[in-house]
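So the protein lines, in turn, are chains A, B, C and D. In this text, residue positions in the first sequence follow this note's numbering: the first is 19, and each later residue adds one. In this text, residue positions in the second sequence follow this note's numbering: the first is 19, and each later residue adds one. In this text, residue positions in the third sequence follow this note's numbering: the first is 19, and each later residue adds one. In this text, residue positions in the fourth sequence follow this note's numbering: the first is 19, and each later residue adds one.
Don't read these hints as lab results, they were simulated from the structure. Take these hints with a grain of salt, some might be off.
Copies of the same chain look alike in the list, so a pair counts if it works inside one copy or between any two.
[Claimed, not checked] Mimicking EDC-like on lysine to aspartate or glutamate, the simulated pairs with C-alpha atoms at most 16 Å apart in a straight line are:
id	residue 1	residue 2
1	239	252
2	110	155
3	198	69
4	239	166
5	156	24
6	198	252
7	156	252
8	118	166
9	110	24
10	119	166
11	156	215
12	118	103
13	211	69
14	119	155
15	119	24
16	239	42
17	48	24
18	239	24
19	211	155
20	66	196
21	119	69
Residue-level listing of the chains:
Protein chains: 4
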Amino acid sequence: MVAGAETVVTMLPKGAHVLSVWGELITSAKAGTLLIDCSTIDVASARKAHELAAGANCLSLDAPVSGGTGGASAGTLTFMAGGSDDAFARAKPVLEAMGKKIVHCGGNGAGQAAKICNNMILGISMIGVCEAFALGEKLGLTHQALFDVASTSSGQCWSINTYCPVPGPVPTSPANNDYKPGFAAALMLKDLKLAQEAALAAGAATPLGAEAAQLFDLFDKQGHGGRDFSAIIEMLRG
Amino acid sequence: MVAGAETVVTMLPKGAHVLSVWGELITSAKAGTLLIDCSTIDVASARKAHELAAGANCLSLDAPVSGGTGGASAGTLTFMAGGSDDAFARAKPVLEAMGKKIVHCGGNGAGQAAKICNNMILGISMIGVCEAFALGEKLGLTHQALFDVASTSSGQCWSINTYCPVPGPVPTSPANNDYKPGFAAALMLKDLKLAQEAALAAGAATPLGAEAAQLFDLFDKQGHGGRDFSAIIEMLRG
Amino acid sequence: MVAGAETVVTMLPKGAHVLSVWGELITSAKAGTLLIDCSTIDVASARKAHELAAGANCLSLDAPVSGGTGGASAGTLTFMAGGSDDAFARAKPVLEAMGKKIVHCGGNGAGQAAKICNNMILGISMIGVCEAFALGEKLGLTHQALFDVASTSSGQCWSINTYCPVPGPVPTSPANNDYKPGFAAALMLKDLKLAQEAALAAGAATPLGAEAAQLFDLFDKQGHGGRDFSAIIEMLRG
Amino acid sequence: MVAGAETVVTMLPKGAHVLSVWGELITSAKAGTLLIDCSTIDVASARKAHELAAGANCLSLDAPVSGGTGGASAGTLTFMAGGSDDAFARAKPVLEAMGKKIVHCGGNGAGQAAKICNNMILGISMIGVCEAFALGEKLGLTHQALFDVASTSSGQCWSINTYCPVPGPVPTSPANNDYKPGFAAALMLKDLKLAQEAALAAGAATPLGAEAAQLFDLFDKQGHGGRDFSAIIEMLRG
Numbered sequence: 019m020v021a022g023a024e025t026v027v028t029m030l031p032k033g034a035h036v037l038s039v040w041g042e043l044i045t046s047a048k049a050g051t052l053l054i055d056c057s058t059i060d061v062a063s064a065r066k067a068h069e070l071a072a073g074a075n076c077l078s079l080d081a082p083v084s085g086g087t088g089g090a091s092a093g094t095l096t097f098m099a100g101g102s103d104d105a106f107a108r109a110k111p112v113l114e115a116m117g118k119k120i121v122h123c124g125g126n127g128a129g130q131a132a133k134i135c136n137n138m139i140l141g142i143s144m145i146g147v148c149e150a151f152a153l154g155e156k157l158g159l160t161h162q163a164l165f166d167v168a169s170t171s172s173g174q175c176w177s178i179n180t181y182c183p184v185p186g187p188v189p190t191s192p193a194n195n196d197y198k199p200g201f202a203a204a205l206m207l208k209d210l211k212l213a214q215e216a217a218l219a220a221g222a223a224t225p226l227g228a229e230a231a232q233l234f235d236l237f238d239k240q241g242h243g244g245r246d247f248s249a250i251i252e253m254l255r256g
Numbered sequence: 019m020v021a022g023a024e025t026v027v028t029m030l031p032k033g034a035h036v037l038s039v040w041g042e043l044i045t046s047a048k049a050g051t052l053l054i055d056c057s058t059i060d061v062a063s064a065r066k067a068h069e070l071a072a073g074a075n076c077l078s079l080d081a082p083v084s085g086g087t088g089g090a091s092a093g094t095l096t097f098m099a100g101g102s103d104d105a106f107a108r109a110k111p112v113l114e115a116m117g118k119k120i121v122h123c124g125g126n127g128a129g130q131a132a133k134i135c136n137n138m139i140l141g142i143s144m145i146g147v148c149e150a151f152a153l154g155e156k157l158g159l160t161h162q163a164l165f166d167v168a169s170t171s172s173g174q175c176w177s178i179n180t181y182c183p184v185p186g187p188v189p190t191s192p193a194n195n196d197y198k199p200g201f202a203a204a205l206m207l208k209d210l211k212l213a214q215e216a217a218l219a220a221g222a223a224t225p226l227g228a229e230a231a232q233l234f235d236l237f238d239k240q241g242h243g244g245r246d247f248s249a250i251i252e253m254l255r256g
Numbered sequence: 019m020v021a022g023a024e025t026v027v028t029m030l031p032k033g034a035h036v037l038s039v040w041g042e043l044i045t046s047a048k049a050g051t052l053l054i055d056c057s058t059i060d061v062a063s064a065r066k067a068h069e070l071a072a073g074a075n076c077l078s079l080d081a082p083v084s085g086g087t088g089g090a091s092a093g094t095l096t097f098m099a100g101g102s103d104d105a106f107a108r109a110k111p112v113l114e115a116m117g118k119k120i121v122h123c124g125g126n127g128a129g130q131a132a133k134i135c136n137n138m139i140l141g142i143s144m145i146g147v148c149e150a151f152a153l154g155e156k157l158g159l160t161h162q163a164l165f166d167v168a169s170t171s172s173g174q175c176w177s178i179n180t181y182c183p184v185p186g187p188v189p190t191s192p193a194n195n196d197y198k199p200g201f202a203a204a205l206m207l208k209d210l211k212l213a214q215e216a217a218l219a220a221g222a223a224t225p226l227g228a229e230a231a232q233l234f235d236l237f238d239k240q241g242h243g244g245r246d247f248s249a250i251i252e253m254l255r256g
Numbered sequence: 019m020v021a022g023a024e025t026v027v028t029m030l031p032k033g034a035h036v037l038s039v040w041g042e043l044i045t046s047a048k049a050g051t052l053l054i055d056c057s058t059i060d061v062a063s064a065r066k067a068h069e070l071a072a073g074a075n076c077l078s079l080d081a082p083v084s085g086g087t088g089g090a091s092a093g094t095l096t097f098m099a100g101g102s103d104d105a106f107a108r109a110k111p112v113l114e115a116m117g118k119k120i121v122h123c124g125g126n127g128a129g130q131a132a133k134i135c136n137n138m139i140l141g142i143s144m145i146g147v148c149e150a151f152a153l154g155e156k157l158g159l160t161h162q163a164l165f166d167v168a169s170t171s172s173g174q175c176w177s178i179n180t181y182c183p184v185p186g187p188v189p190t191s192p193a194n195n196d197y198k199p200g201f202a203a204a205l206m207l208k209d210l211k212l213a214q215e216a217a218l219a220a221g222a223a224t225p226l227g228a229e230a231a232q233l234f235d236l237f238d239k240q241g242h243g244g245r246d247f248s249a250i251i252e253m254l255r256g
């Protein structure tokens, strides 16, 4: 099936799966085939997959995607791509058919790196916003008042302005829909663990990223992995 | 001096100072005087100050300000106000002469509550952004690439879009000016400690807020309290 | 009732209670009366209580106690005392009637300081031991094997050697009795919060102490404050 | 050289080194040879090394060691061993020639698992003890007073009783020798990172272990990796 294809797109749960599938693909792919992996996997495996492709004279791109289920149905997905200029140029029209924004982040693995760095910011800022609402509640501050201040000043972030974790201020956020995802807590945990793996291997200090991973792990272990990640405010409240 | 004034504005370092000064003010202030405190202090002291004022039949407002030295010179300060509707209505024109945005956050102490909640989000998200850049560097991701992705997707926040902690992407950020504040790390530490005091007293769980306070404390103890708070990226890098 | 007493012992939940009761005591206590407070309260209030006593020419001692319900019934309580040499000398026989070990830790408040420092170590090391068992379980390591190694080498601590949080290795530990306290999680949370209050006021960096307080807060908010504090291993396991 | 040996002992920095060396060893080792690896490496690599040995009909044992430079010269090292009963029985006399205590912790990898669990407790409790001394200093509590209380009550642990991180109470501890190791901070960081890698892979929640790893990483990045790990108290003090 792959033998005649010019472009092959994979999307799999883990790095080991990608390496296994690409390992088979390259046995039948002709030289010059473009392999695009849209999985969210660890940076080290992504780089190994590029090496596999190069060994078979194939072009390759790591191109994880963000935007969640909402983005997929609305066509507003963002692809973060890592690989050569040639591979990116060839892949761009393919990815544009699926997503709204395609960013070339750098060489092999740069797409995965950008995704885990972005989602680490997201996981941290969401917990930060949830803590602020939980503290505000105890201090008698209404949700709307905190939203009005923070969303228009230095506390503004996607986690409050677009995806507010309490019902009311942002009607489209999962908090208004009983925390139905959206972006499931188990997926956020997966991305935060990928970030920690990369940080441990690369020697980067990420204290809040480490703690955010632990908190989503506790939340997941309480049985809430299938709910939207903004529901972690309930663990903070008790 | 205060005896004939209709409005008195105070701005002092700590709650004890405000209580001491207001304690003297009310001995000479006539009934109906409006007392506005623009200090950033603990919520408990702010509430006690309101009680002092009420006991002397004065109107009162807690109205801490945000925006830093840049906001002060540019006239873009935000005031977060707590107190009665009457006090807020009387104070609004006074505050509008000093700042661009005046938000009535609720009753006594709500201004202080809103400020520490907002700044807790800010302190957490800034460290999160710094960790993401420090991790990205180790993974070979350029600053511009991470900025391009995060500032336009779910990682977007004031700490990256407006105040980016690495030089380049946002030319006006302190990172481009050798981390001259801006908003000094010692002031961020002060606000994070106020948030922790309030959380301990009120019984709110704020794990990332607690850790952010500890990290800025370590940074301050290394002698960097006078630098912009975004310079904490250098502690993460070592 | 107090008027004729030579020694008065108080044991109350919070600093405010102690200050209120001692404030009344000194109005009727004759000069030279010895006031002993065995409460576990914040250091600042303990020092204020000493000042109250001194103002009435009374001797005073802060003398919080550790050892839990087991220690009380077995007569093995430890008292940590703060105050003058004279006060300690007068109090020693009184305290020896109640406890096994009486330590003079220093001047006013030193008893409270020693207790919160000790219990901060305890809270941290207990979570550390629980994490090690939880990790060991995932790695296929038996409880007994980890106990045999850690209790006899550099991992040894009261939390594993004497109060092991898994059933089996130490038959008398609460883990063998369905985590009936012992030392309730809510009381550990109280002490960790006192340590955080003192650290914030004194300017000490205590990153693990802060996190331990947050974790016991989450555990308490899940409704487990009445169980032994070693039951926090269940939150880690999920 | 190996071809005629009955027992081969390896001690190498990382899992990749062990797999590489054992991969060569088994090409020349005769069936029944006993391979003992005394490295401290990741659990996953240790298990793979056992598989390599089994494939060549060799016996194998993972047997990391603890006790530091002091233990090596004093002959008081502890070996934590993982592998079959046969392998352990054969290895025991060999290990007894090098160390004082030899513990069979379980099957393949159990030695590594026990070591990282033990050292995670150690790293956490050492920071906890350092935080307690740093807080006590700010509260006016002498080192000796805190030592006298904690070393004899529920705060007791190897980190205070045997290896006290402030000079004085335990004359043999590195604190009395300008923090010359002993057990270097960089090695503690290595073990804490191995624990985090194992926890991420196995799905264990270890919030204090994660934070301890981050703190030793910051300490190492400040250039202190070569000093004894108890010197981390200086980072807390600033």
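_Tell me the numbers of any earlier hints that the structure contravenes, in ascending order._
Structure breaks hints 2, 3, 4, 5, 12, 13, 14, 15, 16, 18, 19, 20, 21.
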